[in-house]
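A.B. asks: From just these sequences and the hints, can you work out the full model?
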Amino acid sequence: MSTNGTVLDSKIPAGPLADKWDQHKFNLKLVNPANKRKFNIIVVGTGLAGASAAATLGELGYNVKSFCVQDSPRRAHSIAAQGGINAAKNYQNDGDSIWRLFYDTVKGGDFRAREANVYRLAQVSVNIIDQCAAQGVPFAREYGGLLANRSFGGAQVSRTFYARGQTGQQLLLGAYSAMSRMIGAGKIEMHARTEMLDLVVVDGKARGIISRNLVTGKIERHVADAVLLCTGGYGNAYYLSTNAMASNVTAAYRAHKRGAFFANPCYVQVHPTCIPVHGDSQSKLTLMSESLRNDGRVWVPKAKGDKRHPNDIPDSERYYYLEERYPSFGNLVPRDVASRNAKLVCDDGLGVGETGYAVYLDFRDAIARDGEPVIEQKYGNLFEMYEKITGENPYKEPMRIYPAVHYSMGGLWVDYNLMSNLPGLFVLGEANFSDHGANRLGASALMQGLADGYFVIPATLGGYLATEKLDPVTTDHESFKATENETTERINKLLAVNGSRTVDSFHKELGKVMWDKVGIARNKEGLEQARKEIKAIREEFWQNVKVNGESEDFNLSLEKAGRVADFLEFTELMAHDALLREESCGCHLREEYQTEEGEAKRNDDDFCYAAVWEHNGVGKEWTMHKEDLTFENVELTQRSYK
Amino acid sequence: MGAKTINLTLKIWRQKKSDAAGNFETYDVPNVPTDVSFLEMLDMLNERLEAEGQEPVAFDHDCREGICGMCGAMVNGQAHGPESGSTLCQTHMRTFKDGDTLVIEPWSANAFPVLKDLVVDRSAFDHIVATGGYVSVRTGSAPDANEIPIPKVDADTAMDAAACIGCGACVAACPNASAMLFVSAKVSHLAHLPQGKVEAKERVRAMVDTMDSLGFGNCSNARECEAACPKEISVEHIAKLNREFASALF
Ligand SMILES: Cc1cc2nc3c(=O)[nH]c(=O)nc-3n(C[C@H](O)[C@H](O)[C@H](O)COP(=O)(O)OP(=O)(O)OC[C@H]3O[C@@H](n4cnc5c(N)ncnc54)[C@H](O)[C@@H]3O)c2cc1C
Ligand code: FES
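Residue numbers (my numbering), protein chains in the order written: chain A, 1 to 642; chain W, 643 to 892.
No wet-lab data here; the hints were simulated from the structure.
Only true hints are included.
The calculated EDC-like cross-link candidates involving lysine to aspartate or glutamate, where the alpha carbons are at most 16 Å apart (straight line), are:
| no. | chain 1 | residue 1 | chain 2 | residue 2 |
| --- | --- | --- | --- | --- |
| 1 | A | Lys508 | W | Glu689 |
| 2 | W | Lys794 | A | Glu142 |
| 3 | A | Lys388 | W | Glu725 |
| 4 | A | Lys493 | A | Glu550 |
| 5 | A | Lys205 | A | Glu468 |
| 6 | W | Lys659 | A | Glu550 |
| 7 | W | Lys658 | A | Glu550 |
| 8 | W | Lys658 | A | Glu552 |
| 9 | A | Lys626 | A | Asp605 |
The following label-pair restraints were derived from C-beta to C-beta distances:
| no. | chain 1 | residue 1 | chain 2 | residue 2 | range |
| --- | --- | --- | --- | --- | --- |
| 10 | W | Glu667 | A | Gln156 | 55 to 65 Å |
| 11 | W | Phe892 | A | Glu372 | 38 to 48 Å |
| 12 | W | Ser726 | A | Glu478 | 54 to 64 Å |
| 13 | W | Asn818 | A | Gln23 | 52 to 62 Å |
| 14 | A | Ser97 | W | Asp796 | 24 to 34 Å |
| 15 | W | Ser726 | A | Gly371 | 23 to 33 Å |
| 16 | A | Asn32 | W | Lys843 | 34 to 44 Å |
| 17 | A | Phe26 | W | Asp796 | 32 to 42 Å |
| 18 | W | Arg780 | A | Ser97 | 25 to 35 Å |
| 19 | W | Phe892 | A | Lys469 | 53 to 63 Å |
| 20 | A | Val497 | W | Arg690 | 13 to 23 Å |
Just so you know, even glycine gets a beta-carbon here, dropped at the ideal spot from N, CA and C.
C.D. replies: Now the structure itself:
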């Protein structure tokens, strides 16, 4: 490992935790209202983070250019979030507070997140709900007309707000409507079906992007005073994941290759409740919201190879393994714990279904207790979705579920202002690394995306623009030309290989290596092997991939090829990061580092840091910078959900 | 889940560009497992075409779980295929029989020009929303969320309307290619909430005007939109829109 020991300045404000954000906002310089229209801001991505940022910056008076790969900003992957969004409103009077949400999130992240960021997140969470309700987001309500809540994803208080099973959709449509208002007002120029293919850096500062129009294939240059990446997560590195098909690492990885540091790439969340894999033609995995664990009970048969219909297996012969192993949290243990245990029981031969890689999630008892109408009211659309996909009725027999890759906690490194180490490059939402540590709690990604976009960036971006001296730059600048040339060359290179294997066949092969060796459980030997295999797949890709068609056209193979090529480089860094983190924490389970009871064993003495990687060229070793994590307000404890 | 497979013949609309002529091409797709989704079946065909050096069939898709509204095509004359209340990505091949012939075409409407094969340009929907499909509330100016209680029935009706995924199946299914169901879903969603009432009149006028100007047809109560809608949005919202529109004139 090469560590050059550069100290990263996370710019955490001084002062007591609870005052940091307010004091910081006061200290930040402001851009005069009349001057805001002189600044051009590029926002890449229109998910919760990007749409909320673009709308808010447009309202403030900045000129915004927004980009997304889908045909409309409303279709960003955030739309698929089901379960809900956390906020420390304490409307239920059940003991919640900003402090408790903060503490749960830091602990849930296994003490690998930045304390000050998490506290700020909990603070602004309450404003998010107000904002969304005012936009007309149809949150679930009680009969008295006030907002309803549920407990979610390992929380012992009910702080999750939801809109049936479509929370992400409704929040995104709220942000999209705010954004549409600014598009109508001429403050946002929208570029849909447009993919950012590179970042343009001028004099060490992010000053624009190179994009490709996905309909015409035209390569374009866009200049700005700051670039915001809100491009989501990299779960599709595993080929099969719950992410939408177009989710990718390209924007973040291109920025990384231009100098932006990547933090904790090995932290990937595997979600415990997804529909199991059915066969080779499978293209993606479907998440069943974990709110189902509020009422569903997870079990496997006690006897190996018990082929009876689940309804014929009596209680005494069922192993409710989460309830037995974790009596105080039961079926509501955090995601990493639930996923790992599902894998363990299946590895022990207790798994069910055709492949033996599934466990039951059973609503029999909840239906007997509350009646079918109550269960239908809560989960009707999820049950319907399950039935559509599997052809089985969960009111009558238990669901079969298995963990699947879902979310990436790692991402581009940012300071407290959400700025990367490249001045002028800001990173928001799932694309950054900052708030979830080694494991994200349920209903907190939506919260973070909207916190970043509605409330953090409007303050911190202003601070940057008001203090940084930005020379006038146009798209004729040498850096634009050079970066555009490199983009075109790369496209031509992809088209020129003209080998014999499809892009998808490489992606699938990569996904299998990642799932087997950089998945739920990892070990030194496997990770070293993974690095070698990824390198070999990458080499073959550039010798033997077949990309049909032309560049100046609507070309789906070419689109995919560019993204897979980036995954083939980036995954090596994921494996490398996992290899060097010789501890278990959150979702990162190293088989060598477990407690006697099989729980993750952290090593705070040696690994209480964010691993922040600098790119030195493809195939070269990265340089590691460490951001030491200091906890002044919470005590580091071994997580226990027993 | 069994390993049952079926053999299909596909007649697919191929069109290189907006301004190019298109035609149907016939493809045999053998051994399709009945557990795969409709789009995964198209993936199987595309894998083969790509390996043979031919251009894959272009189609839009992203979430593949019926929520992003990106996918959609006419299958044997039905928007999103034969299953009711379902997007194309959620339709599974167990719906079809061995030996079936499926005719697959893009949405057809003046306001949705074809870009390539099965892909159409639906940006007209975004233009309609940009003229009024929102509540004008600046970030940071909102009151406490519980300050305005909303009767549960109203919140639920608003949610029923807000479930629209903007896929365009309603337009494709309508004999007049009208966008009334889409527009009414947004108008009705916001008109049922106190937050949306303040601007209700301007909203409905602006959205209807924009819809008319973008080349969508008129609603003649054929109700095909409701039947095709993967989210089963009710035509009652069109009635609501008509009431809102009438009251906006005074
Ligand atoms: C099935 C599912 C359910 C979930 N449920 C929940 C939940 O209940 N609660 C919760 O808190 N979280 C949930 N999550 C997580 C949460 O939805 C995501 O983490 C979050 O929505 C990410 O938002 P984002 O704005 O960062 O990115 P995204 O919504 O992923 O948006 C990315 C945007 O970037 C654009 N983009 C990407 N690359 C490029 C490029 N190169 N050029 C141009 N544009 C580009 C895309 O077009 C898109 O607009 C869920 C996730 C999944 C997959
Ligand atoms: S792909 Fe998203 S709705 Fe079908």
